[in-house]
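From first to last, the protein sequence lines stand for chains H and S.
Numbering follows numbering that gives the first Met the number 0, in which position 282 of the first sequence is assigned residue number 281; successive positions increment by one, without gaps.
Numbering follows numbering that gives the first Met the number 0, in which position 56 of the second sequence is assigned residue number 55; successive positions increment by one, without gaps.
By construction, these hints were calculated from the structure, which means they are not laboratory data.
Hints are supplied without guarantee of correctness; some may be wrong.
A pair holds if it fits inside one copy or across any two, identical chains being indistinguishable in the list.
[Claimed, not checked] Computed list of lysine-lysine pairs in BS3-like fashion (alpha-carbon distance at most 27 Å, straight line):
1. K284 <-> K133
2. K257 <-> K133
3. K284 <-> K257
4. K372 <-> K30
5. K133 <-> K72
The lines below spell out each chain.
Number of protein chains: 2
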Amino acid sequence: MAPLSGITVLDLTHVLAGPYCSHTLQDLGAKVIKVERPGTGDDTRAFPPFVNGASAYFATLNAGKQSIALDLKAPTDRDILDRLLARADVVLENYRPGVMERLGYGWEALHARHPRLIYGAVSGFGHTGPEAGKPAYDMVVQARGGVMSITGEEGGPPVRVGASIGDIVAGMFLAQGVLAALYDRERTGEGAKVDVAMLDSQLAIQEHAIALASATGVAPGRTGARHPTITPFSTYRAADGFFVIAAGNDAMFAHLCKTLALPLNPADPRFATNAARCDNHALLKRLIEAVTLEHPAAHWIARMEAAGLPTARVQDMAEVLRDPQLLARAMVLPVLPDAGGTTFTAPGNPIKMSSLPEIDHRRPAPGLDADRKAILDWLTR
Amino acid sequence: MAPLSGITVLDLTHVLAGPYCSHTLQDLGAKVIKVERPGTGDDTRAFPPFVNGASAYFATLNAGKQSIALDLKAPTDRDILDRLLARADVVLENYRPGVMERLGYGWEALHARHPRLIYGAVSGFGHTGPEAGKPAYDMVVQARGGVMSITGEEGGPPVRVGASIGDIVAGMFLAQGVLAALYDRERTGEGAKVDVAMLDSQLAIQEHAIALASATGVAPGRTGARHPTITPFSTYRAADGFFVIAAGNDAMFAHLCKTLALPLNPADPRFATNAARCDNHALLKRLIEAVTLEHPAAHWIARMEAAGLPTARVQDMAEVLRDPQLLARAMVLPVLPDAGGTTFTAPGNPIKMSSLPEIDHRRPAPGLDADRKAILDWLTR
Numbered sequence: 000m001a002p003l004s005g006i007t008v009l010d011l012t013h014v015l016a017g018p019y020c021s022h023t024l025q026d027l028g029a030k031v032i033k034v035e036r037p038g039t040g041d042d043t044r045a046f047p048p049f050v051n052g053a054s055a056y057f058a059t060l061n062a063g064k065q066s067i068a069l070d071l072k073a074p075t076d077r078d079i080l081d082r083l084l085a086r087a088d089v090v091l092e093n094y095r096p097g098v099m100e101r102l103g104y105g106w107e108a109l110h111a112r113h114p115r116l117i118y119g120a121v122s123g124f125g126h127t128g129p130e131a132g133k134p135a136y137d138m139v140v141q142a143r144g145g146v147m148s149i150t151g152e153e154g155g156p157p158v159r160v161g162a163s164i165g166d167i168v169a170g171m172f173l174a175q176g177v178l179a180a181l182y183d184r185e186r187t188g189e190g191a192k193v194d195v196a197m198l199d200s201q202l203a204i205q206e207h208a209i210a211l212a213s214a215t216g217v218a219p220g221r222t223g224a225r226h227p228t229i230t231p232f233s234t235y236r237a238a239d240g241f242f243v244i245a246a247g248n249d250a251m252f253a254h255l256c257k258t259l260a261l262p263l264n265p266a267d268p269r270f271a272t273n274a275a276r277c278d279n280h281a282l283l284k285r286l287i288e289a290v291t292l293e294h295p296a297a298h299w300i301a302r303m304e305a306a307g308l309p310t311a312r313v314q315d316m317a318e319v320l321r322d323p324q325l326l327a328r329a330m331v332l333p334v335l336p337d338a339g340g341t342t343f344t345a346p347g348n349p350i351k352m353s354s355l356p357e358i359d360h361r362r363p364a365p366g367l368d369a370d371r372k373a374i375l376d377w378l379t380r
Numbered sequence: 000m001a002p003l004s005g006i007t008v009l010d011l012t013h014v015l016a017g018p019y020c021s022h023t024l025q026d027l028g029a030k031v032i033k034v035e036r037p038g039t040g041d042d043t044r045a046f047p048p049f050v051n052g053a054s055a056y057f058a059t060l061n062a063g064k065q066s067i068a069l070d071l072k073a074p075t076d077r078d079i080l081d082r083l084l085a086r087a088d089v090v091l092e093n094y095r096p097g098v099m100e101r102l103g104y105g106w107e108a109l110h111a112r113h114p115r116l117i118y119g120a121v122s123g124f125g126h127t128g129p130e131a132g133k134p135a136y137d138m139v140v141q142a143r144g145g146v147m148s149i150t151g152e153e154g155g156p157p158v159r160v161g162a163s164i165g166d167i168v169a170g171m172f173l174a175q176g177v178l179a180a181l182y183d184r185e186r187t188g189e190g191a192k193v194d195v196a197m198l199d200s201q202l203a204i205q206e207h208a209i210a211l212a213s214a215t216g217v218a219p220g221r222t223g224a225r226h227p228t229i230t231p232f233s234t235y236r237a238a239d240g241f242f243v244i245a246a247g248n249d250a251m252f253a254h255l256c257k258t259l260a261l262p263l264n265p266a267d268p269r270f271a272t273n274a275a276r277c278d279n280h281a282l283l284k285r286l287i288e289a290v291t292l293e294h295p296a297a298h299w300i301a302r303m304e305a306a307g308l309p310t311a312r313v314q315d316m317a318e319v320l321r322d323p324q325l326l327a328r329a330m331v332l333p334v335l336p337d338a339g340g341t342t343f344t345a346p347g348n349p350i351k352m353s354s355l356p357e358i359d360h361r362r363p364a365p366g367l368d369a370d371r372k373a374i375l376d377w378l379t380r
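Okay, chain H solo, but in the shape it has when bound:
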């Protein structure tokens, strides 16, 4: 039986951070009821790409959830929400701070009525502090939280992290808080409020840059694909693309020189120590690529793996979806986006547990309000 079997999550969130959190809780065994705005529902229903007219993006984040459309200002629908809250273990919301209070569903009010209910909130800047009410997007917190300042080419402009880590990492911290609250409730009988900010979450994943800025007084900059303080530790060009070479110490560097048959002496004072290699990183890169450009990445990766050296090709997402190790780990799963019958693929569950049966597909995402009748029936049981 899955760890969260029997747990019901009432999910009032939309777009990304909140639905990502409930998606994780569902993967761990919870039942998720998605409460959507009548008429249009979650904004991501209109986000590309589409398969058979349905958003593959929406389906990726909401596969297997139930949907009910509720107008949180209409008395009949509020009555349904009240009954859902009485049955739920967890409620999630991502409104601007204060909105739930104005609707009559703030933490204090809900906790008084439903002491065991766990309340999870995710917002741009959190429920406290001078800027609590401001709007945010993924890119806003990637910029303000500093990760863009250390991502991009040396001397070039800041670039966005390709994955939406502004939203996703916040959704992950929210899931952690909710899980901790579920555990604690078994001992105390009481629910708790969890308040996660997207901006806070950016700080929490940058241990290295913060240590550098704080201990040295100098903010780290951008270094492209290169590690800021270890050389060689970067991507290098092969004949058909980029692959990783990473040698963390002098012995590994000497081993690497031999493995790739580099035309240089690892005892050369320009390369003999990591500090020297960092000083001469551009020269070393030219010497390495003069060799590696001669053959495709697969040639070099085979040699490095045979020598026990960590390496990988820089894969694009189409290659990732065919990666044998990821397929063997059930990380690329078919998902049915709608009744049309066409499948596409979505990520599997990265949390493999002895108590959690592995899945081999993802269920369809719900149509807007598609489960109203089933949910109302369940409320009467």
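Got chain H sorted already, so can you dock chain S onto it with the hints?
Chain S only, in chain H's frame:
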């Protein structure tokens, strides 16, 4: 009382993903005993930057933990480990798959001896699949997992995400699995094994790129700071740096034109729809920056915030550490690296909970084996 108060985590991991996981569990109230290799301890004790001779990097990840040095092949130390395992709720390890079995501490053996013990493992490629045993670094999974293929300038080479998301996201999923297992144990009385792979974890945070590659058959590429399918949604140059402009629809774009007093007509067919703006993104960028370069970022941010438009400056890490909202949220905390008395700062806990008192500092990181006597005393109690 903190949610995980009373929980003991025995942490055999080193470097980043594993210590990051136990750091999170500690923030939620657990006691963490760090088991280190005699002599040198965790590799990160030797990682820069240093404050008073101690690694600020190590201190950031290990503040407040207890340290004991154990040789897992020496009978006396194995006896101590056995007694620690009997008292622990959670054991964490990040050896290559198979190493714990050879040491006699594999999941099957431990589960037979300690049925309530939760076993959390994090590795490069996981405990199953054809490449389970291979070594990995953060950069290896950033490359192989696809995120580098969508991070960087359009037409430029792939770049590394500045934060170590290859490790950190895996540590976060491991924390989620451990928390779910703790909850489940309250009902079943049984521990579980959690097996998280750094490569799997990369796939799980790329919902958008995977949906694009899977639904369209075309792998997405790099677009610098620009959102791939929304315009304007990027960073733009002000007189003194970069800031974010993000207009998600036509009405917001018209509002933006007015707010920034842009010399263009939002009804101009080249800019009237998001599709047209995406086609003409380079032209639009030139028109916007011709205006925004005239004043510093603070000028534009004040205007945009007054108009309710999401925005932010691209902050470097030194600016982040002075950000008033982050300071108000206790996300920048002093930490004492050693007995020398100099403090530096580290990230606070991003999971704010009504059941968890806020902290205003981080405790020192332990010296290697510094808590041996206290731990042995505790074992006799």
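What are the numbers of the hints the structure violates, in ascending order? none
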